[in-house]
Structure formats: C-alpha cells, structure tokens
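In order, the protein sequence lines correspond to chains L and S. 1 is the number of the first residue of the first sequence in this note's numbering; add one for each residue after it. 1001 is the number of the first residue of the second sequence in this note's numbering; add one for each residue after it.
Read the hints as simulated data drawn from the structure, not as lab findings. We put the beta carbon where it would ideally sit given N, CA and C, even for glycine. Certain hints may be false.
Okay, the calculated beta carbon distance ranges per label pair [as the list claims (entries may be wrong)]:
1) E1061(S) / H2(L): 57 to 63 Å
2) E1009(S) / T84(L): 42 to 48 Å
3) F1183(S) / G33(L): 33 to 39 Å
4) P123(L) / E1089(S): 50 to 56 Å
5) D90(L) / E1009(S): 32 to 38 Å
6) E1061(S) / M126(L): 42 to 48 Å
7) G127(L) / A1130(S): 43 to 49 Å
Number of protein chains: 2
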Amino acid sequence: MHIQVIPVEGLPIIHPGDLLTEMICERVTFEDGDILCLASSVYSKANGYIRKQDEIVASAEAVRIAQKTHEDPRFVQAILDETTDVILEDPFILSETVTGHVGVRAGVDHSNIEDGMIILLPPDPMGAAAGLQNEIARITGKEVRVIITDTCGRSFRRGQTGVAIGWSGMTAIRDFRGDHDLFGHVLEITEEAVVDEVAGFANFIMGESNNGVPAVVFRNCTRWTGHDNLHFNREEDIIRKALCKK
Amino acid sequence: MHIQVIPVEGLPIIHPGDLLTEMICERVTFEDGDILCLASSVYSKANGYIRKQDEIVASAEAVRIAQKTHEDPRFVQAILDETTDVILEDPFILSETVTGHVGVRAGVDHSNIEDGMIILLPPDPMGAAAGLQNEIARITGKEVRVIITDTCGRSFRRGQTGVAIGWSGMTAIRDFRGDHDLFGHVLEITEEAVVDEVAGFANFIMGESNNGVPAVVFRNCTRWTGHDNLHFNREEDIIRKALCKK
Ligand SMILES: Nc1nc2c(ncn2[C@@H]2O[C@H](COP(=O)(O)OP(=O)(O)O)[C@@H](O)[C@H]2O)c(=O)[nH]1
Ligand SMILES: Nc1nc2c(ncn2[C@@H]2O[C@H](COP(=O)(O)OP(=O)(O)O)[C@@H](O)[C@H]2O)c(=O)[nH]1
Ligand SMILES: [Mn+2]
Ligand SMILES: [Mn+2]
Ligand SMILES: [Mn+2]
Ligand SMILES: [Mn+2]
C-alpha cells in the first residue's frame, strides 16, 4: 500500500481560542495510524502562546544583543524569555529552549501573525502533541500519531528545513542497534531521527509563506521502535562545545 | 491530488556493472514529474565507486587518525582520499568532500556491501543525478526529477537523517525571497532546503538496515524555483568556523 501525503486545505487564519483540532477533523477523514504534522505556529496561535510586542519591556541584556542583531529589543526580550541557554548572540541568536531544542531565535517568530504580534513555540510541545492525539481520538474515534513541527536552520548546509518540536504515538528516534545490514554486518548507523524526516517533508508541503497549509497527514507509514532522546545535551554535542568556546 | 510515495521493492543486491536504471524502470511505472530518490550507496555500487580495503595502503596520517577513531587505518585512508578538508578528526572524522558536502567519514561506508569492501560517495553526484534523469527519459519517455541521497548526522540533534547529495530537474533550495506571509509581511525565512526535506523522507522509507529499498518515488509533488547553493562555504558557516578554531 503506497504512502499518501495529504495537505489539510481550507483552514482560516487561526486565533487564540479557535477549536483547531475540530477544524482539522472537519477537513480530513482520519484513519487509524495516520500521522498528523501540525505547524507549531498555528498550534501556538490557537492556544494563545503569542505576545504583543509593545507590551514587552526590554532588559539591558536584550538592548545590548539587539544592537548586534539589528532587531527590536522587545523582540529580543521575547526570545530571551524563551531561552534557557544562549549559544550564539550574533549574527543571530541561537539558543536552547526549556525542552532542549536548539534553534535560531528560540523559535520565536513574527511571520504569519498580525503586525506587532509575536509567536512563541508551544511551552510543552510533547504535551501538545499528546493532547492533539487524545482530542482526535475523542472527536473521530481514530488513533492518530502527531508531530508538531517548526522550520529550523542547521549547520554546514544552507537553508531551513522542518524539524519535530513535539510528538506523540511514536518515538523520535528509530533505533537500529543490534540490527544487521543486507550482508549480516552489525549496523554502524543505528539511530535514525525519523521524526525529523517526517517533519521535514511535511514542512515541504506547508511551505513558508502564504500557502495556508499548516497541517499535513501521512497515511500508511510504518511504525518503529526506539527512544525519545532527540536532543544532544551540552556535553554530548561536539559542535555545541566548540561554539561555546568561541 | 494527493502526493504518493512509492518504495521501489524487489531490487537485488547491486554490483558494479548492473544496469541499475533499467532495473528500477522495470519495477516502477514512472509518470512525468515524479521525483526518484536513490540511495548513494546503491548508485556507487552499480557504478564501481567502491574499494577493496586490503588494496589500500595507509599513510602515516591515516595511521595517526585511526589510533584516535579506533578504525582500520586503511578505512581511514579511504576517507582521507575522499576528503578535501578535515574539520574534525575525533571522535569521528568530519570532513568536506570535493562537492562541498560536509559529512561524517566523508560519506565513506562499509555497510550493505561485501566484507572487506568500502562504498564511496559518487564523485560527481550532480552529474549522476542528471545521468539518471536522462537514462530514465530514454528508457521510459518520462521526465522524472532525481535526488541522490545519503544518511548523515547533524549538530544539536541526535540521530541521522537523509540528505541530498546530488539532484537534477529541480533546485536544492526553494527561494521565498520577496514572497509574503498570510498578512503581507515580507518573509524572514526565505531559503527552504526542500531537496533535503524530500531526501529525508525517502531515507525514512529506505531505513538503514536490510529493508532492501534503495529507491523511492514521489508522485504529484509541486515544482519550485530557487538556487543550488546548498553548501555553506567555509567563511559563511559560523558553526564550522567555530569548530576549526578548536
Ligand atoms: N490556514 C492557515 N495557515 C497558516 C496560518 N499560519 C500559518 N499558516 C500556514 O502554515 C504553514 C507554515 O507556516 P509557518 O509560519 O512557516 O509555521 P512554522 O514553520 O511552524 O513557523 C504555511 O503554509 C503557512 O501559510 C493560519 O493561521 N491559518
Ligand atoms: N535491493 C537492494 N537494497 C540495498 C542495497 N544496498 C543497500 N540497500 C538498501 O538501500 C537502503 C539504504 O541503504 P544504506 O546502506 O543506508 O544507503 P545510504 O543511506 O546511501 O548509505 C536500505 O533499505 C538498504 O537495505 C542493494 O544492493 N540492493
Ligand atoms: Mn516557526
Ligand atoms: Mn515554517
Ligand atoms: Mn551512506
Ligand atoms: Mn542510509
């Protein structure tokens, strides 16, 4: 059975309080085992994880960094408020968030929202994904897997790709440890970050601009086993250690 | 029209001289606009980009690095032979290849090949993708787009994902510069590395072990415009600059 990838079309502009899960369920007929990828931006708008820029008071630290990044100090303050560790201050802020995710501007954004408003990443994206999964089960009776996505840069390669911010009904990593290749050798590549591979393709379908497709459904994907240890911690990550010495 | 993702099943173990394109065309009915993703490992085996480890003579440099990485010095030599710049020597070799691709062990591998044999990345992956595209047009009369993939690590996030090594019939980056979001703001995220997003999902379908699916076809994907400047050069890449100071 071929895999199908279904963009969820026709969603309106989302605002706090909108019944986003209901709106998605009205536009797609879920089947058991489907994977729903949802843009974090839209999840955050529906759930009020947004801020008004002119209600933010910038700290001295935010003012200092804003001079280097040429951004509004209040926008920088919003980023710092989401940040547990600043890895790089300029040319752009690269920081770790409370979930262990490392991203440019801590995933804070002012695209696809009204002027003067800021979108934050969901504070508990794993809980968000689990909540969506439960709601969909309640509304449709179907057991759907969920990934919350964001668009994110990376090193060595230009351009952004979609990554997984939260997930439910699957593990982030497909673990091949102990598995064998076609010739019986024990595998060297053992941890495939499948949740990011699915999120990336969903992001390709969504696009970055005014496509209006914040949700994508994957049908007939395999299941896998593994673990959820997607984020390197500071000691494990060679590249991060090098950056911090800078 | 929904996107379909079709694994190419039933391919045998591939050896130098095998008519890989013919073998793929026998197993899938291509349509105009399809995207074929092909694992670089299989392309390299078919085209003889493999080496016998015991025919390699390790240099003093290879011996020195092999002591740190706990690998066979001849395997390290094969990696150095594919490398134009060593970024990191241990705990694993991270290096740039002639195409500008940065990868662990320069993409050199001894999985999914006979004992004592080594698989290299295709030396001209852009040419490889264009050649495949032409051959498929000749065999089937269809205009198919092609991506050559490899499995690759990344920073900040654990686990490997599929990335694009070569491509034809598309640009690597989808360029959103000058485009607007749903509220008319000029976009901040402007360069989406769509070729990696597609390669990543193909890699998810392939898996890393004995699945025997080195080729995946994507049907009904959009087309995009942009550029092919996928690899940061040394000066552009903040993270690489930090690593090199190490
Ligand atoms: N229908 C609808 N689409 C939206 C809305 N906000 C964003 N999108 C779309 O969702 C996709 C991803 O948007 P983006 O801002 O890049 O989200 P992010 O990657 O999570 O930061 C794009 O297709 C946007 O056009 C919204 O409120 N309603
Ligand atoms: N049928 C077939 N499948 C292969 C062969 N070599 C590798 N594969 C499959 O191709 C996929 C990717 O293999 P992998 O070694 O990870 O390739 P890489 O990611 O390009 O290094 C997996 O499903 C393998 O089982 C081969 O010679 N024949
Ligand atoms: Mn975002
Ligand atoms: Mn996005
Ligand atoms: Mn490989
Ligand atoms: Mn692989």
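Hint by hint, here is what the structure shows:
{"no.": "1", "hint": "E1061(S) / H2(L): 57 to 63 Å", "verdict": "violated, 48 Å"}
{"no.": "2", "hint": "E1009(S) / T84(L): 42 to 48 Å", "verdict": "holds, 45 Å"}
{"no.": "3", "hint": "F1183(S) / G33(L): 33 to 39 Å", "verdict": "holds, 36 Å"}
{"no.": "4", "hint": "P123(L) / E1089(S): 50 to 56 Å", "verdict": "violated, 40 Å"}
{"no.": "5", "hint": "D90(L) / E1009(S): 32 to 38 Å", "verdict": "violated, 50 Å"}
{"no.": "6", "hint": "E1061(S) / M126(L): 42 to 48 Å", "verdict": "holds, 45 Å"}
{"no.": "7", "hint": "G127(L) / A1130(S): 43 to 49 Å", "verdict": "holds, 47 Å"}
Hint check: violations occur at hints 1, 4, 5; the rest are consistent with the structure.
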